[in-house]
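The task is simple: from the sequences and hints, build the whole structure.
Here the sequence shown stands for residues 438 to 524, where the numbers follow this note's numbering.
Be a bit skeptical, because a hint or two may be false.
As the list claims (entries may be wrong) - Simulated crosslink set (SDA-like; lysine to any residue; CA at most 25 Å straight-line): (1) K482 to A494; (2) K473 to K497; (3) K482 to L456; (4) K439 to F449; (5) K482 to L459; (6) K497 to S469; (7) K482 to I457; (8) K482 to N468; (9) K482 to T472; (10) K497 to L510.
Unchecked claim - Each pair of labels, with its calculated beta carbon distance range: (11) L452 to L502: 45 to 51 Å; (12) F449 to F522: 38 to 44 Å; (13) G451 to T488: 34 to 40 Å; (14) I457 to A524: 32 to 38 Å; (15) L445 to T488: 38 to 44 Å; (16) R440 to L502: 50 to 56 Å.
What the hints contain is simulated information worked out from the structure, not anything from laboratory work. For every residue, glycine included, the Cβ atom is placed at its ideal position computed from N, Cα and C.
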Amino acid sequence: MKRGANQLWRAFLGLGLGLIWLIPFYLMVINSFKTKQEIFTNPLKIPENFTFANYPAAFKELDFLKTLFNSLLITIMSVVIIILFSA
438 MKRGANQLWR AFLGLGLGLI WLIPFYLMVI NSFKTKQEIF TNPLKIPENF TFANYPAAFK
498 ELDFLKTLFN SLLITIMSVV IIILFSA
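If you want it as structure tokens, here you go:
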């Protein structure tokens, strides 16, 4: 009986931690389809009117592709250095 209760407790703990881990991703995706006014009104609510206007703005105003390239470059270089020193 104790083993079953322990497994159940671990399952609930894992589920809770998984949900906590997923909340920022949920907010990021849901809020990317909202207007600024909707984001500040209720950030947890699913948008009433989905809009894709934020995506072109991210590519133009924030230079998203350059930022993505820099992140990939740093990640690849870090992984290569870690592999070289770990081998």
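- Item | 25 Å limit on alpha-carbon distance, applied to hinted pair K482 and I457 | Within the cut-off at roughly 17 Å; holds.
- Assess, step by step, whether the Cα of K439 is no farther than 25 Å from the Cα of F449, and give holds or violated. 15 Å, holds
- Are K482 and A494 close enough, with their CA atoms no more than 25 Å apart? Holds - the C-alpha atoms of A494 and K482 are around 22 Å apart, at most 25 Å.
- Could you grab the alpha-carbon distance between K482 and L459 and see if it respects the 25 Å cut-off? Distance of about 15 Å is within 25 Å: holds.
- Measure nothing beyond the straight line between the CA atoms of K482 and T472; if it is 25 Å or shorter, mark the hint as holding. Holds, at about 12 Å.
- Note whether the CB distance of F449 and F522 lies within 38 to 44 Å or breaks it. 40 Å, holds
- Message: Taking the Cβ atom of I457 and the Cβ atom of A524, is their distance within the range 32 to 38 Å?
- Response: 36 Å, holds
- Message: What's the verdict on K482 and L456, does the C-alpha distance respect the 25 Å limit or exceed it?
- Response: Distance of about 17 Å is within 25 Å: holds.
- Outcome of range test on Cβ distance (G451, T488; 34 to 40 Å): Check passed, 35 Å falls within 34 to 40 Å.
- Task: Take a look at whether the Cβ-Cβ distance between L452 and L502 falls inside 45 to 51 Å.
- Result: 37 Å, violated
- Starting from K473, check that the Cα of K497 is at most 25 Å away, please. Answer holds: K473 to K497 is near 17 Å, not above 25 Å.
- Task: Decide if the proposed pair is consistent with the structure: K497 and S469, CA atoms, cutoff 25 Å inclusive.
- Result: With a Cα-Cα distance of about 15 Å, the restraint between K497 and S469 holds, given a limit of 25 Å.
Violation of the numbered hints given earlier is confined to hint 11; every other hint is satisfied by the structure.
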